[in-house]
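Residue numbers (the working numbering), protein chains in the order written: chain X, 1 to 542; chain C, 543 to 777.
Hints are supplied without guarantee of correctness; some may be wrong.
What the hints assert, rightly or not - Some chain C residues well away from chain X (every beta-carbon gap over 12 Å; in silico):
| hint | residue |
| --- | --- |
| 1 | 703 |
| 2 | 704 |
| 3 | 712 |
| 4 | 714 |
| 5 | 715 |
| 6 | 724 |
| 7 | 725 |
| 8 | 742 |
| 9 | 766 |
What the hints assert, rightly or not - The calculated label-pair distances, taken between Cβ atoms and stated as ranges, are:
| hint | chain 1 | residue 1 | chain 2 | residue 2 | range |
| --- | --- | --- | --- | --- | --- |
| 10 | C | 740 | X | 508 | 28 to 38 Å |
| 11 | X | 93 | C | 703 | 51 to 61 Å |
| 12 | C | 760 | X | 44 | 32 to 42 Å |
| 13 | X | 172 | C | 760 | 51 to 61 Å |
| 14 | X | 93 | C | 759 | 25 to 35 Å |
| 15 | C | 708 | X | 44 | 38 to 48 Å |
| 16 | X | 54 | C | 756 | 39 to 49 Å |
| 17 | C | 760 | X | 338 | 19 to 29 Å |
| 18 | C | 717 | X | 495 | 51 to 61 Å |
| 19 | X | 83 | C | 693 | 20 to 30 Å |
| 20 | X | 38 | C | 711 | 53 to 63 Å |
I should point out that these hints are in silico values taken from the structure, not numbers from a laboratory.
Predicted model, so just to flag it, every value in this text is computed and none were measured.
Here a beta-carbon is modelled for each residue, glycine too, at the ideal position from N, C-alpha and C.
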Amino acid sequence: MNYFPDEVLEHVFDFVASHRDRNAVSLVCRLWHRVERLSRQRVFVGNCYALSPEILIARFPGLKSLTLKGKPHFADFNLVPHDWGGYVQPWIEALSNSRIGLEELRLKRMVVSDESLELLSRSFANFKSLVLVSCEGFTTVGLAAIAANCRFLRELDLQENEIDDHSGHWLSCFPDSCTSLISLNFALPLETLQNILMRAPQLVDLGTGSYIHDPDSETYNKLKHTILKCKSIRNLSGFLEVAPRCLPAIYPICLNLTSLNLSYAAGIHGSELVKLIRRCAKLQRLWILDCIGDKGLEVVASTCKELQELRVFPSDVLGVGHAAVTENGLVAISAGCPKLHSLLYFCQQMTNAALIVVAKNCPNFIRFRLCILEPTKPDPVTMQPLDDGFGAIVQSCKHLRRLSLSGLLTDRVFLYIGMYAEQLEMLSVAFAGDSDKGMLYVLNGCKKLRKLEIRDCPYGDKALLTDVGKYETMRSLWMSSCEVTLGGCKTLAKEMPRLNVEIINEHDQMEIGSEEQRVEKMYLYRTLVGPRKDAPEFVWTL
Amino acid sequence: MELQLGLALPSNPSKGFDLNYFASEPKEIAVSNRSFTVASSCTDINDINDNNKKRSFDQTFENPTDSTVPRTLPLLLWNHHPNEEDDPKDLENHSLVTFNDKKDGDNGDGLVGWPPIRSRWKNKRLCHENNGAVGLENGFACGIRGSNSTYVKVKMEGVPIARKIDLSLHHSFQTLTETLMDMFGQWWLETGQKDSNQYKLAYQDREGDWLFTEDVSWRTFSRSVQRIKLLKSSR
Numbered sequence: 001m002n003y004f005p006d007e008v009l010e011h012v013f014d015f016v017a018s019h020r021d022r023n024a025v026s027l028v029c030r031l032w033h034r035v036e037r038l039s040r041q042r043v044f045v046g047n048c049y050a051l052s053p054e055i056l057i058a059r060f061p062g063l064k065s066l067t068l069k070g071k072p073h074f075a076d077f078n079l080v081p082h083d084w085g086g087y088v089q090p091w092i093e094a095l096s097n098s099r100i101g102l103e104e105l106r107l108k109r110m111v112v113s114d115e116s117l118e119l120l121s122r123s124f125a126n127f128k129s130l131v132l133v134s135c136e137g138f139t140t141v142g143l144a145a146i147a148a149n150c151r152f153l154r155e156l157d158l159q160e161n162e163i164d165d166h167s168g169h170w171l172s173c174f175p176d177s178c179t180s181l182i183s184l185n186f187a188l189p190l191e192t193l194q195n196i197l198m199r200a201p202q203l204v205d206l207g208t209g210s211y212i213h214d215p216d217s218e219t220y221n222k223l224k225h226t227i228l229k230c231k232s233i234r235n236l237s238g239f240l241e242v243a244p245r246c247l248p249a250i251y252p253i254c255l256n257l258t259s260l261n262l263s264y265a266a267g268i269h270g271s272e273l274v275k276l277i278r279r280c281a282k283l284q285r286l287w288i289l290d291c292i293g294d295k296g297l298e299v300v301a302s303t304c305k306e307l308q309e310l311r312v313f314p315s316d317v318l319g320v321g322h323a324a325v326t327e328n329g330l331v332a333i334s335a336g337c338p339k340l341h342s343l344l345y346f347c348q349q350m351t352n353a354a355l356i357v358v359a360k361n362c363p364n365f366i367r368f369r370l371c372i373l374e375p376t377k378p379d380p381v382t383m384q385p386l387d388d389g390f391g392a393i394v395q396s397c398k399h400l401r402r403l404s405l406s407g408l409l410t411d412r413v414f415l416y417i418g419m420y421a422e423q424l425e426m427l428s429v430a431f432a433g434d435s436d437k438g439m440l441y442v443l444n445g446c447k448k449l450r451k452l453e454i455r456d457c458p459y460g461d462k463a464l465l466t467d468v469g470k471y472e473t474m475r476s477l478w479m480s481s482c483e484v485t486l487g488g489c490k491t492l493a494k495e496m497p498r499l500n501v502e503i504i505n506e507h508d509q510m511e512i513g514s515e516e517q518r519v520e521k522m523y524l525y526r527t528l529v530g531p532r533k534d535a536p537e538f539v540w541t542l
Numbered sequence: 543m544e545l546q547l548g549l550a551l552p553s554n555p556s557k558g559f560d561l562n563y564f565a566s567e568p569k570e571i572a573v574s575n576r577s578f579t580v581a582s583s584c585t586d587i588n589d590i591n592d593n594n595k596k597r598s599f600d601q602t603f604e605n606p607t608d609s610t611v612p613r614t615l616p617l618l619l620w621n622h623h624p625n626e627e628d629d630p631k632d633l634e635n636h637s638l639v640t641f642n643d644k645k646d647g648d649n650g651d652g653l654v655g656w657p658p659i660r661s662r663w664k665n666k667r668l669c670h671e672n673n674g675a676v677g678l679e680n681g682f683a684c685g686i687r688g689s690n691s692t693y694v695k696v697k698m699e700g701v702p703i704a705r706k707i708d709l710s711l712h713h714s715f716q717t718l719t720e721t722l723m724d725m726f727g728q729w730w731l732e733t734g735q736k737d738s739n740q741y742k743l744a745y746q747d748r749e750g751d752w753l754f755t756e757d758v759s760w761r762t763f764s765r766s767v768q769r770i771k772l773l774k775s776s777r
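Okay, chain X solo, but in the shape it has when bound (with noise of 0.2 Å):
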């Protein structure tokens, strides 16, 4: 048997770059597992209490870059009380102390502290890129830390995070000059966006905050001249408050960017929308919200072609006669934007008719998350369930990873996913299906599923303890206001000792003992470490 030097086998490993493409290589004998392990820099932890931060330092010492993630999904719509944890604290002690040295990390639904931060900031020599997405416990403080001390700083992105706002002067910790600044992402006040742009022309990505009323004041010309400069940016987010005449600043950059997010411009009517997409025929992501329209989004669908990504948020607009989408708009844009492979609607209606339409013609969706606004609303048509549609969906596109339901569905639906489904990883179902038979067709026929979230169906212990090894190849479910018992879960967390299976228990609900009480809340996954030790006193590991 012929052998090749560790080196070698290292180049060829720098040449597979996804993670779960390396865990795979991994695993094929002790020598690559080394050589893998050895020369690992990127890794991606899906649930930070699946392992410690020492088993991952132990394991990745080369490590530069690291992603974790905290608390569940549905943390985000207000379903997990807020103690519930996720605290990166412990994960940024054990790095520090240890000789990785790190440059990048990525956190979602994180808790962060401000002293968080500042041990990050003052650990890492060549810290490069900090990301932050729908995290909290952080303040303005805890940001000039990082804008201070990372001299080497090239991305700071924080997206739809809970910010309390201590200070408005922490910009001003960035360096005369940030050379290596390519990415501010979060909502820039326009004075200090002013002073941004100057000192980091190369910005490529970037986030407004509120923009500006007058047209006519001398900020508003600076900032037009000033972005006149920025023929780098790609990225263009915020739009708060905006008064749709001053809009046309930022028309000059229209044409390169290639991702927009208007998703919070509530001020900005549909019919301006509409003028500013029109420059944008480059367009990659496109996030904005429903009073565009579906006449604007016909516009969406003529206009960028190279869309890939589209989101499409509920505004808030009171009273009668705003504009919201329908499956017209959805049929448009499938029609007319052929690389799309992501999207996110939210709508007041959706037809069998027009999801069969869309599958047809786009069979390349990667993700596929539809919220019909109204829960279990049938066909307005036929007055059917959706089953037929989001069957089409599933059996016509043989990519998709990522499947979110709505409207009226029946057990159905489940079996076409169980049938079809076959790369599917995550499955998000709210107010659906008949019976236990609906969770059973997802979890025996979804090989590759790693995460189920279920709010609202009626599913029970029959369900839960049919299948109880196939959660060990999960990374976690998710059941919430279902027909699971205290008595059900108990005896998977008995089955199973890999597994935390943690109840949450607000307000002191359950009382302890008595098995048939059905749990509110049960959030389990699996771990290496098992009952994690930062759990509050309202949530029950099993």
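Using the hints provided, position chain C relative to the given structure of chain X.
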């Protein structure tokens, strides 16, 4: 099993999917053969409360007979219309689904965590506190253009008309109570009652439960309050 794609298509397919006869959404849908088993099927509201182990407003405050205060149902009971008789036959064959009209933008009557977007209330609060600074990148529309405040509905026991109060103007229960007393002062003048000690402050949190404010800190309260009620405290 073959996917059945022979659906009822619009009668004139060449027109495209022109479905614009839904000018207004029905508030109630009768759907056959569906049993909404969010709670186990039973016909009595109180039984469902026990099953859910979630306190309804009435259970919490033991005031089932006060006819001037409309019954507030637990959030999970969206399969019961509050004013209808429970007819077992209806529940077997149909389920009436009532979704509260959200016209006034009040999240308090809706389902918890639905629609699945990040909390607008949280966002409104940040809008106000940060006035356009870095905290504002949180998800979604602030709602009314230019609005920066956090209004919650306040109902006083015995008063038919609810009011709204801007919570962001307050930082303690004391100022809040004083303002509320002033607000309802007109009513008291008419009925001859005026004694703030007679009233207790209660609120509904994000999860739908009713709690007394005297049990919690201002911080906990202000972060999760959805609605407020003033109750007579003589019991």
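> Against which earlier hints does the structure fall short, listed by number upward?
Replying inline: 9, 13, 17
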